[in-house]
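Please build the complex by placing chain H with the ligands on the supplied structure of chain B, with the hints as guidance.
The listed protein sequences derive, respectively, from chains B and H.
Quick note: the first sequence, position 5, residue 5 per the UniProt record's numbering, numbers continuous.
Quick note: the second sequence, position 209, residue 209 per the UniProt record's numbering, numbers continuous.
A portion of the hints provided could be inaccurate.
[Stated by the list, open to error] Here are the simulated DSSO-like pairs of lysine-lysine, each with C-alpha atoms no more than 30 Å apart in a straight line:
#, chain 1, residue 1, chain 2, residue 2
1, B, K231, B, K30
2, H, K222, B, K131
3, B, K10, B, K204
4, B, K120, H, K140
5, H, K221, B, K131
6, B, K10, B, K30
7, H, K221, B, K101
8, H, K205, B, K204
9, B, K194, B, K273
Calculated from the structure, these hints are not laboratory results.
The lines below spell out each chain.
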Amino acid sequence: MSIIEVENLKYRYPDLTDLVLDDLSFSVEKGECLGIVGENTAGKSTLCYALAGLIPHFYKGAYGGKVTVNGLVVREHEIAEIVENIGLVFENPFSQMTGAKKTVYEEVAFGLENLGLDRKEMHRRIEQYLKLLDVFGLKDKNPFDLSGGQMQRVAIASVLAMEPDVLILDEPTSQLDPQGSREVFEVIEQLTEKGMTIILVEHKMEQIAQYADRVLLLHQGRQVALDTPEKIFSRPDLKGFGVTPPVVTNISKALNVRYPDSELFPVTIEAFKRLEEAK
Amino acid sequence: MNTMTLYVEKDSPVHRLDPLVKLLYVFASIALTYILPEPLFIAGVLFVTLLLLVIGKVFRNSLPILTLSMFLIFSLVIVQGFFHPDNVTELFSIGPLVFYEEGLYVALVLVLRVLVMIGSFSVLILTTSPDEMVERLIKKGMSPRIGHVILSVLQLIPQMRATTSKITDAQRSRGMETEGSMLTRIKAFFPLMGPVVLNSLNETKERSIALEMRGFGSSTKKTFLNEEKQYPYNKLLAGIIIAIVILGIVWRVMV
Ligand SMILES: Nc1ncnc2c1ncn2[C@@H]1O[C@H](COP(=O)(O)OP(=O)(O)O)[C@@H](O)[C@H]1O
Ligand SMILES: [Mg+2]
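Bound-form chain B, shown alone (with noise of 0.2 Å):
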C-alpha cells in the first residue's frame, strides 16, 4: 500500500462557495520525493493542510473524499495522532517557534512532551536531530534570536523529531535569503538521499527539478497533471498554470535540446550536459 492515499478529496473552507480542491486522486510512495507546483492560490497549501490532518479538524468547512497517511484515515484521528506519522513545515520560521520556549534545546522538546515521551528518548531525539540539521551547536540560543535559515532548520528539527513517517515542506524557503535557503536545501538534500518520504511545495523550479521523483500541477484547486519533472516541466501549456520551467528547460526549448525520440526537455544542468555530450 502507498504510504499516501487520496481518493477524490474535495473540499471548501467554511464561508466560501467555490471548492479550493476539487476531486484530488493521487497517491505517494515510501521514500519518493513529490513537489507540488501551481499559481498562487492553486490550493497548494490548502492540500498540505488536508494531508497533516488540519483540514477537517482545525479548519472545518465542507470535506469529500478520503485521504490516508500510513493505514490512518486522517478525518477519524485527531491531529495529536497524524502528527507522529506526517509533519509539517512552513514559510514564517518564526511563526513557527512556539513562543514558550527559552533555548533551541527545549524547542524542540514542546513536541515531544507533548506526546509524552520520557526523558531519555527525549534527550535522544533531540541530540540526534539538532545535529542532523546542524544546528547542535545553538543549542543553548534563543530560538528567537538566530537568523532566518537557523529558525527554519530548528523548525525542521522539532518536526522531524516526532519521527513521522512523511514531511510536508510548504514553499520552506521562500522567507529565506540565499543564504538561509541554501543551508535549508542542504538539508533536504540529505533526507531524500535518506530516503524520507518527502512533499515539497516550491516556486523555484530548479529545486524541484532536482529533488521530486514527480510532480503534481496545481491549478484553481484542480489536478491539471502528476507525472515527472521531465514530463511537466516540458508542457507547452504550462504558462496558463502560471509556471515558469527552469532556465535549463527554457534554454533547451530554445536550442531544441531534447532527449532522444522524444518532446521531452532535460530539467537538469547535469542531464542537459549530458544530451549537449551526446550530441
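Coordinates of chain H with the ligands only, in the frame set by chain B:
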C-alpha cells in the same frame, strides 16, 4: 530576548522559592491587611515584604513602582485626613481646612495596604520567570492551552517590535522616510500600523497551526524535559504562611 515581563534575572534565595509559595504569599499578605487592619501590624507585613525585595536583590527595581504609587497614596492621605465621615478629633488646620486624626488613621491603613499589595506583587513578578510560573501551574493541573496563552501574550510586544523593524526596513528600502523629525516619524508610523497588526494576526494564526502540528492538542499525558525543580523548604514555608493567616483570623475573632 526581552519580553513584556518585569522579571529580573538574578540568583537569590527569593528567586529560588517555589513560584506557588510566592503566589501564596501575595494572597496571604493582602488578606492579612484586611483581617487585622491595624497600622502597626500592616507595617510589620510591609516590613517583611520589603525585606523579601531586598533579599531578592530587586528592591531597586521595585522603587519606580513604589514611587509611582506614592502620588496616589499622598492624595489618599489628604482626602481622608480632611474629609473622612468619622472625623472628630482635630489634629491641625490649614486655613478653613481641618485635618483629623480618624481620617489620618483610615488613610494610614489604606496607604500601608496599597504598599503591601504593590510590594508583594513585586516580590512575585520581579523574582519569578514567567516560564517557571506557567510550567509550575501546568504541573498543578492548569490547562496547557491557558498557560500558552499567558506566555504568548507576554511575547506579543517583542514580536510586534520585530515585525515593526522588518516592515520599517521594507518601507525604507522603497524610499519612505522613517527617520528624522517627529513629524516624519509620525507620518511613517500610520502606514506601519496596518501591516504590523495584520502581520501579528497572521502570525498568531500560523503559530496555532504550528502548535497543532507539534501535538499541542494531544490528550496523552504530557511529560516534561526538565526534571521537576526541587524547592527545599516548600511545604514548611507554605505551612508557615497559612499558619500566620489562621493565627491572624483567630486573633481577630478573640480580641
Ligand atoms: N483560512 C482560509 N480561509 C478561507 N479561504 C482560504 C484560507 N486559506 C486559503 N484560502 C483560499 O483558498 C485558496 C487556495 O489557497 P492556498 O491553498 O493558500 O493556495 P496556494 O498555497 O497554492 O497559494 C485561495 O483562494 C485562498 O484565498
Ligand atoms: Mg501556499
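Status of each hint after checking the structure:
no., hint, result
1, B:K231 with B:K30, "holds (22 Å)"
2, H:K222 with B:K131, "holds (25 Å)"
3, B:K10 with B:K204, "holds (27 Å)"
4, B:K120 with H:K140, "holds (23 Å)"
5, H:K221 with B:K131, "holds (28 Å)"
6, B:K10 with B:K30, "holds (24 Å)"
7, H:K221 with B:K101, "holds (19 Å)"
8, H:K205 with B:K204, "holds (26 Å)"
9, B:K194 with B:K273, "holds (26 Å)"
Hint check: no violations occur; every hint is consistent with the structure.
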